[in-house]
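Protein chains in written order, with the working numbering: chain A, 1 to 115; chain B, 1 to 111.
Think of the hints as simulated: they come from the structure by calculation, not from any bench.
Where is the CB? At the ideal position from N, CA and C, for every residue including glycine.
Treat the hints with care, as some may be off.
Unchecked claim - Across the chosen pairs, the derived CB separations fall in these ranges:
| no. | chain 1 | residue 1 | chain 2 | residue 2 | range |
| --- | --- | --- | --- | --- | --- |
| 1 | A | 82 | B | 31 | 31 to 41 Å |
| 2 | A | 61 | B | 16 | 16 to 26 Å |
| 3 | B | 42 | A | 113 | 15 to 25 Å |
| 4 | B | 57 | A | 7 | 34 to 44 Å |
| 5 | B | 61 | A | 16 | 23 to 33 Å |
| 6 | A | 20 | B | 81 | 34 to 44 Å |
| 7 | B | 95 | A | 102 | 14 to 24 Å |
| 8 | B | 70 | A | 26 | 38 to 48 Å |
| 9 | A | 67 | B | 16 | 47 to 57 Å |
| 10 | B | 69 | A | 54 | 32 to 42 Å |
| 11 | A | 73 | B | 70 | 23 to 33 Å |
Stated by the list, open to error - These stretches of chain B come out as covered by chain A in the derived footprint (C-beta under 8 Å, 3 or more residues):
| no. | stretch |
| --- | --- |
| 12 | 17–29 |
| 13 | 50–64 |
| 14 | 92–98 |
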Amino acid sequence: NAGVTQTPKFQVLKTGQSMTLQCAQDMNHEYMSWYRQDPGMGLRLIHYSVGAGITDQGEVPNGYNVSRSTTEDFPLRLLSAAPSQTSVYFCATSLGELAGGPGQFFGPGTRLTVL
Amino acid sequence: GENVGLHLPTLSVQEGDNSIINCAYSNSASDYFIWYKQESGKGPQFIIDIRSNMDKRQGQRVTVLLNKTVKHLSLQIAATQPGDSAVYFCAENQGAQKLVFGQGTRLTINP
Chain A
1 NAGVTQTPKF
11 QVLKTGQSMT
21 LQCAQDMNHE
31 YMSWYRQDPG
41 MGLRLIHYSV
51 GAGITDQGEV
61 PNGYNVSRST
71 TEDFPLRLLS
81 AAPSQTSVYF
91 CATSLGELAG
101 GPGQFFGPGT
111 RLTVL
Chain B
1 GENVGLHLPT
11 LSVQEGDNSI
21 INCAYSNSAS
31 DYFIWYKQES
41 GKGPQFIIDI
51 RSNMDKRQGQ
61 RVTVLLNKTV
71 KHLSLQIAAT
81 QPGDSAVYFC
91 AENQGAQKLV
101 FGQGTRLTIN
111 P
């Protein structure tokens with residue numbers, strides 16, 4: 001039982017490049033989310049999904065796309081990377097409809113640098 | 001101007017003392033609040049939560065206090081240990097999957 005896994009752990013991109021951050025979970029949770037964490041800041045919600053085929057925008061969605069074709073996977077796509085997207089990205093799953101609390105699990109994070 | 005987001009508030013306490021970490025939240029309609037601990041290089045870990053119909057909740061060595069009148073949360077850690085060193089975040093649920101985090105406080109323990 002791996003919980004929430006994220007790949008890669010580290011990534012360096014040049015401005016304008018695209019890439020996909022991977023997130024996978026083996027807990028059969030319906031709810032999944034992507035957050036970004038800038039230095040000295042709390043996490044901010046980018047996109048979330050309440051089940052396969054259903055996604056919605058969070059607080060800072062611009063420049064990112066998501067899709068949810070299976071319960072297990074929730075990839076985050078950067079369409080054209082910008083230096084402002086340099087951050088640590090966390091994927092999370094949630095057991096229940098209400099995010100937060102003991103039923104929410106965060107992945108280990110992907111540290112992204114855009115030059 | 002200075003980017004204050006780069007400078008986390010810091011609390012230093014002696015090992016064995018009690019720690020109190022404070023947080024102001026933004027939305028008076030929020031009814032679910034959570035405290036997280038984040039160690040270096042890791043994702044946030046759940047510590048304790050509280051609903052808006054309560055003003056105090058206790059866990060193992062931790063207590064959360066909620067003051068809805070002034071939109072304030074606090075986390076009290078009893079008998080602080082070296083393993084408590086981390087950044088602590090409060091978060092408010094603003095509806096379903098919308099979790100909003102505070103800036104965080106770095107707790108350091110002096111031996």
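Margin query: Under the constraints set out in the numbered hints, which ones does this structure not fulfil?
Written below: Violated hints (numbers, rising): 2, 5, 11, 12 and 13; every other hint is consistent with the structure.
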